Amino acid sequence: MLREETQDSGDLIQGTLEMLVLKALARGPLHGYAVAEWIHQTSQQLLKVEEGALYPALHRLELRGLLSANWGASENNRRAKFYQLTAEGKKRLNTESSRWARLSAAVAFVMQAT
Amino acid sequence: MSLNLNEFLGRTKSLFRKRRMNREMAEELEFHQSLLRERLVRDGLSQSQARATARRTFGNTARWHERLHELWQFRTLENLFRDITFSIRLLRKTPGFTVIALLTLALGVGANTAVFSLVNSLLLRPLSIPRGDELLVIGMDSDQPNIGYSFPVPFFRGLESKHELFQNLFAFFSTTMQVRGQSANETIPGTLVSADYFTALESPPILGRYLTPEDDRPSGSPEGLAAVISEGFWQSWFNRSPNVIGSRLTIANTAFTVVGVMPKRFIGADPLRRPSIFVPLSTEPIIDAPQDMIKAGTHAWWITVMGRRQNGLTLEQINVALKSISMPIVRDAASDNPSQIKRFEKEHYHFVAESGSRGFTYIRASFRKPLVALFCMCGGILLLACLNLASLLMARGAARERELATRLAMGATRRRLIQQLLIESLLLALAGTAIGLTLAPLVSQSLAVTLLGGAGGDGVHLDTSPDLRVFSFAAAIALFSTGLIGLIPAIHATSGSLNEHIKDGQHAASGHRRNRLQPIMLASEVALALILVVGAGLFATSLVRLFTSGAGFNPKGVVNISLSMDKQPLDGDPLMRLYQQIGEGLSHQPGVSAVSFARIIPLTHFTWDEDHARPGGVSHDLYMNGVGPSYFQAMSIPMYQGRDFRWSDTIPSGRKLIINQSAAHLFFPNQSPIGQHLLRGGKKDDFEIVAVVGDAKYENLRDTPPAAAYVPITQIEDKKPSFNVVVKTAGPIAPLAATARTLTTRLAPDIPAPVLTTMENAVQENISTERVMAMLSVFFACCALLVTGIGLYGTLAYNTSRRTSEIGIRMALGAKRSSVMALVFRSNAVVAAFGLAAGLAAALAASRALSSFLYETSPRDPWIIISAVLSLGIIASVASLYPALRAARIEPIAAIRCE
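So the sequences go chain by chain: A and B. For the first sequence, my numbering assigns the number 1 to the initial residue and increments by one for each residue that follows. For the second sequence, my numbering assigns the number 1001 to the initial residue and increments by one for each residue that follows.
Read the hints as simulated data drawn from the structure, not as lab findings.
The following residues of chain B were derived to be distant from chain A, with all beta-carbon distances above 12 Å:
| no. | residue |
| --- | --- |
| 1 | 1373 |
| 2 | 1403 |
| 3 | 1571 |
| 4 | 1611 |
| 5 | 1621 |
| 6 | 1735 |
| 7 | 1749 |
| 8 | 1750 |
| 9 | 1822 |
| 10 | 1827 |
| 11 | 1830 |
Restricting the straight-line Cα-Cα distance to at most 25 Å, the calculated cross-link-like pairs of lysine to aspartate or glutamate (DMTMM-like) are:
| no. | chain 1 | residue 1 | chain 2 | residue 2 |
| --- | --- | --- | --- | --- |
| 12 | A | 81 | B | 1070 |
| 13 | A | 48 | B | 1066 |
| 14 | B | 1018 | A | 62 |
| 15 | A | 91 | B | 1007 |
| 16 | A | 81 | B | 1007 |
| 17 | A | 81 | B | 1030 |
| 18 | A | 81 | A | 51 |
These figures come from a predicted structure and were not determined experimentally. Backbone N, C-alpha and C fix where the C-beta goes; we use that ideal spot for every residue, glycine too.
Build out the structure end to end from the sequences listed, making use of the hints.
See the structure below:
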């Protein structure tokens, strides 16, 4: 997912990507390309989501019922698969983001120690 | 992976929408790619460059699909489907094995289920009556070996008033009634029922009402004689007319009024009968006219007594109470029959109550043992089939060791392999079981018909339709057999370490791991087969001896025509003349050599016995029959002394008697009986003996001929007696039936159509149980031999094929072909020997249980046992011969080369 990592191993990394995807969709339904684009833009072009990780993540989330998918028309009137958060997904987003906040705060404490 | 509901549903959906999902995935990826291409073009790349870059970013499309697919697939189910198709393919490659496996299993399962449904319907199924567990059957127990279940009416009346023991008590009697149809009387099965019959059975009618105590009076209720009919009779006789209530039925030439219709599922308290008409017990003198069993009081034992026990009482309490009140009731009811009271006191007669939830039928007692024996045989065959299949599958699994080992090496888990082997065995087991279960109802119905045959006379129906109990039994054996067949081979085949597996296969160095389970299973098979063969031998020999034991008469060509005269107008001399005319008319038929009459047909379970004594001598019981002139000629019974009856032998000319040899030895051991006199016990009638004839079997082919005596039909004192015409003919039988019917229509138009049966049929039906048991046991034994032979052959063939290189090396080192053959042969021989020994021991132990079935055959008959052992030994040898020959023909070079 992050350019530095070439394999999606370790639940933490995988979970982080899924959290980002959930966040991307918090503002409304998007198709896969748009999700990657939004993450790329919003992270100040620091995070580039590889297609090889994005779609498995999207499908995994859909399988688990955190996202629901619909086929609709894109901006240029082409058929695309749009994903949106389910109620379950919104709940998961909240828990994941508070967990992430706690985690990053904890890491910061450790790294600031002399 | 935690399987939550969404995932599960999603995966299941993906199973059915595979193509659509693939399309959508492709579309999704293509969309993304096109957007990516556009952006690259916007960033300045050329079209072709953009396309190439985009494709590079994505990589291999197939890999994409695979990865996404992996997420969605329902792995377990897909594996299952794959295993199933693979197993089917494997099984199709060896059609011989598959067919035999299916057939043996179908046979085992089908036979078991069929016999169980027989057992269920005859022995286990309760009546569909509310609170049926309260029902009791009353019997009479004494020092005699059997309990009697037929009662005289006075005893029933004595028990009827004991309300402290019974909520209600009822009595019934199944019979055939003569109902006037279009032109003549027809015989319809019906039941005479006492006052509380319907109230006790608590089954409401679908039309009208049922019989109540008011109807159970000699002249009926004020509205007349009431009758209740069955739904089937309403359909066949009245065409379901809604005005049936109140319509008239002429039964036994008397008018009855239909007051109600009972639903189809109500069959009364005898599960084997389907009565069409129910009439009150008190109308018996009308129905049975000119006989009157009610008037005969304690001399006529005819009704079955059942009831509901009083609330709060247990069976034991009731029996204790019955024991104490039995003799007082008897003394009161039989006050006009002091000799009977004395006999009852001497032999400790008392009433007993048994559970009546299954109703009562006297057939049950005589068929319990044969059915149980049959059931055990079927169980044996099923076990045999399962063991056979399991060991064959084990052998097959062993032959696939290399394949399995390779799979293990390539990453399959042991669980997956076991699953695949299990699926293969399960497929076989399920298919075989399914075939067996579909055939079972057909088999059980035809078995019921053959087994019961003429046992209960006409109108005996055994309902073998499956109910919950049969289904659960079928499910249980299906589970048992599939489990046995499936698990053992599967677990066994994948045990052992990986390396050993790969190095094994056909390698000579294997010294093949001793499979300990397989020889045990094969030996058990042989033992079971031996038991079945011994059983078959015993039954078959017993049957042959029974059949050839001679009945004392020659049934060939003898035809019996039954005539029911009791409702037609003639009696006395005019009736005798009518009989003579009928006999005359029949004697003119081509091929007829003798025509006579008989009151009782031998071997049809009708009996009549009377005490006789020489004047001043000891009285003995003699079995009786009433016969016309030329009877002994028609039946080919030799007449040793004296003369035959004549039509002129009427009572005024002096009572005559013909006795058989046993009776002669009994009464007149040292002198000729001709001209001597015998007195009949009760009535003190004096009979002059006019002839001595040969002994003949009376009720049963199995029993020795009893001491018997014959009276002329002209001297039978019953009113309007019904006799059977006995015709000895060498010609065709069908014209006889037609002639009989025309004769009776002309001479006695009121009587029901005469029924024609052959004496040979009567003999066959008398031994129908023995015949069926012999047939089935021989059939099962042949199947057992076949299956065991195939099992021995199959396992040996597989095992030998694994040892090809070992054998090749042996031969290359100088072993002779014969010693190789002996080597192969020996493995099976040891198994067979053990099996025979075990089976022999078991057969000797178990055969004692069969001794009650056998006729003049000892259950340890050495000839039978020796031939059984020999036949099984021959089968085992033949089965082992072919693989041994094949082994001997192995070329050493070829064998070693495949190492």
